[in-house]
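**Q** Given next are the chains, with one letter for each unit.
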Amino acid sequence: MATIPADPRLARGAAAPGRLQSVIKAVREAPLLAVVILGGLMLVSIFADLIAPHDPTFPVQGANVFDPPFWMEGGRATTPLGTDFQGRDILSRLIHGARVSLIVGLMGTLVAGSIGTAMGIVSGYVGGWVDQIIMRVTDAWLALPAIVFAIFLAAMVGPSMWNIIVILGAVYWTRYARVIRGEVLTLREREFVKLAEIAGASKLRVIKKHILPNVMNTATVLASLTVGVVIIAEASLSFLGVGVPPPQPAWGLMLSEARPTLMAGQWWLTVFPGICILLIVLATQLFGDWLRVRLDPQTRNL
Amino acid sequence: MPQFILRRVVYSIVTLFILSATIFLVVRLTGDPVALMAEASARPEDLDRIRQQWGLDRSWPVQYATFMQNAFKGELGKSFNYRLPVIELYFQRLPNSLTLGLAATLISLLIGVPAGIISAVKVNSGWDNVAKGVALLGLSIPGFWLGLVLILVFSVWLRWLPTSGAGDWRHVIMPAVALGWYFAASMLRLTRSSMLEVLGSEYIKLARLKGLPDVVVIAMHAFKNALIPVFTLAGVNMVVMVNAAVIIEVIFAWPGIGRLLYEGIFQRDFPLVQGVVIMAGFMIVAINLVVDILYAFIDPRIRLTR
Amino acid sequence: MNMGGPDMAPHTPQRSARPGEAVAHRAHLLQISDLQTHFFTFGGTRVIKAVDGVSFTLDEGETLGLVGESGSGKTTTCLSIVGLLPHAARIVGGSVVFEGEDLTRKTQRELRRIRGRRIAVILQDPMASLNPLFTIFRQVAEPAFFHQHLRGRSLRDRVQHLLRAVRIPSPEWRMRDYPHQMSGGMRQRIVGAIALAGGPKLVIADEPTTNLDVTIQAQYLDLLKDIQRETGVALIFVTHNLGIVAKMCDKVAVMYAGKIVEQAPVRELFDDPKHPYTRALLGSVPKLGSKEPLYSITGQPPNPAHLPPGCSFHPRCPEAVPRCTTEEPRDFHLADGSVARCWLLDDVLTRP
Amino acid sequence: MTHPRFTAHNAFLILAVALVLIAAASAVLSLSPPVSAAAKGKIVLAWHSGFASRWLDPQEHDGTATPDNFFTAIHDALIKNQGTQLYDHPALAEKFAVAADAKSATFTLRKGTKFHNGDPVTAQDVKFSYENYRGAKADVFKKKTERVELVDDRTLRFVFKEPFLDFAILFGTANVAAPGWVVPEKYYKQVGPDGFKQKPIGAGPFKLVRHEPGVKVELEAFDGYYRPVHVKQLVMTSVPEAATRVAMLERGEADIIYNVPGELIAKVGKLPGVTLAPVLSGSFFVEFPGFQDPKNPFRDKRVREAVSLAIDRRAMNQAETAGMGKVTGNWINDDVQYAIEWPEFPRNVEKAKQLLREAGYANGFDVEWITPLPPFYSRGERLIAQLREVGIRARLQTMERGIYFQRLQGGLKEFQGTQIILHGTRIAGSWSFWYEGHFKCGGFNSRDRICVKDLDGKFDQYERSINPAERKKLAEEIQRGILENYYIVPVFRHAFVNAIGPKVVAQKWQDVFPTITTGYAYPWEDLKVKDQ
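Chains as they are written, first to last, in the working numbering: chain L, 82 to 383; chain E, 241 to 546; chain U, 23 to 374; chain S, 3 to 534.
Honestly, the hints are just simulated from the structure, not real lab data. We put the beta carbon where it would ideally sit given N, CA and C, even for glycine. Warning: the hint list may mix true and false statements.
Claimed, not checked - Computed Cβ-Cβ distance ranges for the label pairs, DEER-style:
#1 L/Ser241 / S/Glu352: 33 to 41 Å
#2 L/Asp136 / S/Asn298: 27 to 35 Å
#3 S/Ser51 / L/Ser241: 38 to 46 Å
#4 E/Leu398 / L/Val211: 37 to 45 Å
#5 E/Leu342 / S/Lys97: 55 to 63 Å
#6 E/Pro284 / S/Glu352: 38 to 46 Å
#7 E/Ala526 / L/Ser241: 46 to 54 Å
#8 L/Glu154 / E/Leu398: 19 to 27 Å
#9 L/Asp136 / S/Pro345: 30 to 38 Å
#10 U/Arg251 / E/Asn369: 28 to 36 Å
#11 E/Ile468 / S/Gly194: 29 to 37 Å
#12 E/Gly373 / U/Ser192: 49 to 57 Å
#13 U/His109 / L/Ile127: 35 to 43 Å
Using the sequences and the hints, build the whole thing.
**A** Spelled out as structure tokens, the structure:
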């Protein structure tokens, strides 16, 4: 135990056994609003099939197109939030959309985070020409407007939910790589890493035991802030016609498809998914901000 | 120092090279501009004729070599659709995009910086949450929807502002808000953390220890220092807004570079897309280079870590 | 000031035993009694007793050395005196009487008139204590501007005088410079000039020489001594460098885990250290100028959030007895004027 | 503007001005058309697409139906499609005649026509424009033309190597080819093809004032035009977002908006003073790529017929275009040559199920993908919902437009297995153009996906034939063959819905969109602004 670093940050990062506990504790301390929204959405998306009153992809029998919400004239209780331009139940689409949007948001972030963290660690720890190549590619991809890149990737692989996830991951990994690499560069010079190297630990082992646990905080914070960005990006891709393909009920797609109706007074087609997106992004952002303050990594430039 | 600058310049050139190759390949892999513009009455001969006219009948390496050769001469080829040199088109649209980018940057600063300062000075108070909420709102609404809601409210209902297009200052307001608000969140975050960092610094401590009033400490000592990174990011963001405000420019029919890119992409106007992306990349790489070098002048430690 | 109030503290501060405490007969310049400053983190769920019952006095022209490892509460003690604590920290008990006024009962506005004017602080890092974007003139002039309300020519004269006093060559030119144009030693002297700008009665120097190289350090210490001689200010010298203490101070207080474990006139402390911790420190006196002292003490400093029961030092103490692990030692006042907290002294005193 | 502006509420002033003009400037008036003095007001058109500068140059016409909007404003042709005339409206030509053997055509130019720079339109300009033409179908004209003779300074004759039966249609339909559109030779050579696209000069009713490439074209009435031009300023701007265009119309910023999306048709129609202009446009039809493959369920004609019976065309039309499209039997527009009449296809779910049972698909079957023409994804969604009722289960595949066309070019290998394509296209000029591109084996769009040998044989025969009667017979046989066998299944004709604002004079929408060939708003000179 003599080599335990005095820095409390590192001590926390290394305290693996207490992680679950600390997660539970963290959730208790997290901003209530964010936890309620995110937790609620998770539940809704898990039990979407049970909760949703109708099939989200097919018109409701007996309903018209553009039925208003139940409290308005012409609205009905079977389709409480109204129907869309295909006569589909908006509530059911929102409920199933929670699943799609959460999967896209979380998985997209996970893909971006995994690629970016791996690249950042390799680049920062291995250094040399590997570092050069990874960083130059990162720079080049960062200089490519994200939306342009996403459109072309989407065009290349064709739209499907999983492809969108891969695309968003491929677009957003660069910011992780940059930040994580910077972190690794300072970690590399720390005594405990030096000690491990002197003790003859392999590079892989040093990465696994010493580097990875210590960049996880930063990666987590970055991830929490990326989820919202990814969800908005998904909506933007739908706007450009290369997002999650219809008839899947993704919120971004619902919003994008129905946007003309905003001008026609059929506000419920866009306002409900709009509010859902707003809530989830706001919640992840607040959560991410809180996490950042709590974990306090060097993530200023986000 | 000269060696450091030289190294950074070489990096930037390599980056631009990778960027050019990526975009060159990617546009060609994803569609055929000739097939797109052909309608029912087209015949294979017609398509071949256009391909030849546009130089698309040559092999990719040849096309790339020509493209790079011209790029070094400062020419980025001629747009298929507009029959104008891409550079000329780019600079035709640049004033509009700069106007929008500047206005949007201003709005992102106007929302993000005060919110960030409030949030840093009054950490964890109600004000902190309100300020954060306002700044994060822009990030939480897809730009196209925010844009349409603005049009609906301020043009159609209230009739205060024109719906779209470029003209006088009133045309700029809505697109700038819709665009700038998105970036307000990053301004908020950076202002907040930068402010917190500065407020925790020794010189602020010393300023307080001198017995200076809080207003003087925050407004004079902290503010100026905290805003250096904020303005740096604002500069980088502005380059992005000038070059890639695709969605906002489409919604508001703003005649800027973003729309040029949009039409270029969907019509597979290869030279146009390549050119705009390279110009944008060049600006981003250049501004990063300048920032890096300036920071290295201010803080020698940076030279060691990069 | 006591901003928190009693309800902010989750449990009442532990009363330290103070039997036979000497009552101050004459008015000291500064008298700190049973000062307790705690950090409340994670929404008050965790309490760190950074300063836990610290008492000492200081007279005009006197120099007190405050020594101890990092995290022992030296800096927090100093910041408590001027009422500039981080957000999470509160003074939960005790008093800081300066020139007859209890500073803990003052508002921030009142404290601001004391800070920089009657009590000045020199911070650890001369590189970081100067605002990189302001000229030297402006930074040195600020206290005089806000406290003495000097303006124009008289302000300029005052700044030049101060810079000359800290031996900055050609101050009329140098004061237009920015901090990065100055050497480390010069910057630290400028920080000294800022401290003197308000004409203080007490200067708290928080490890002012840590980042300077040896010759500059020596020069700087000489300068401080000269200034003290000329102006008669009292000095609190925070350091973990016992060499500096020997050179600069009249008396010494040794801190460990938020408490003063030994307090003595400088000669007595070096000749006859009473506390095992002090002995350990003295056993590892570093060379003047080295940045970190090489302690011969085994183990790590304790985690301030989870202090061991009894004497906080017992896990590392080579002379610990069973009593040390359960009961916290009280202050023992000794004949040579030193005070120490250690049960070993109890044995010595009670032994027939 | 040199002439005083007329105002309706002051009849005396009008009279006085008119008298003064007639009395004092009769010489001028006799040269320049008297009507130009009446051009007034401004009309703003909000377009759905971005403008390609090449659209301003008829010499490089890409054969699509949007550029002709720009030609018809700036340029003019010898003969053109206008109103109900498909190709033979005499414009710069006063009259024309195709020889009985179809081996030559003679045109006589109208007197006194001028380009915007004041130069007269000469026969030489026409010859230059024809010979220098490089746009769509240029190779056809090149191949078939022997020479262009200048008979006198107002007459010229195109002489062909062989009978050129389609000449007049190709020559005169602006959305097919544009060799008959006249550009000033001198100016064209002076500024070059690319310079011309930035600042075109033509003989059309409007001259270019300002051109922001891709975004805006500002035009002004040309007072030297031979027909009256009523609107002083014509501004075409590109507004890609439909909702924004509607907002512009609602706020009076635009007077005509193009492509109102289905969801907004009802709302726009209710705006005060606004007239909807549902112009019939391309036909949508279902294609079965690789249906000849023995493993493909669509090989069976009964299955293809079942698909037809499953489609609720009226519901589709109602939902997608507010009922403004047209449910027709034949997918070939009735406004093109040789198009046959065909009864509307019935919807009969029971019969469809029965046919599927007979074909051995009692439990239906799975279609891997239904790929609709981008961006008409919702039509694909509706098709899926309708097919599900008869037991055909399908998934939607959406593609970005560029990819879609690239995949079509890739042929059958891009559409493996059981698939459906919901394609749509506008058929202009002759039905044969459609067949050649979209049905024939090896066509630029159909590639190897359809390939019906006997029909292709008949088509070759048609192409070779110079006997109009035989061509008509073959054309009808081929169409019937396709429809009877359900090689493709017509769905409906799309309505391209535009809206006309209150400022524009329109009793009915056809007043503003009179040209049936493309359904666009030209002739622009006929547009009028209401008096205040």
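**Q** Against which earlier hints does the structure fall short, listed by number upward?
**A** Hints 3, 4, 7, 10 and 11 not satisfied by this model.
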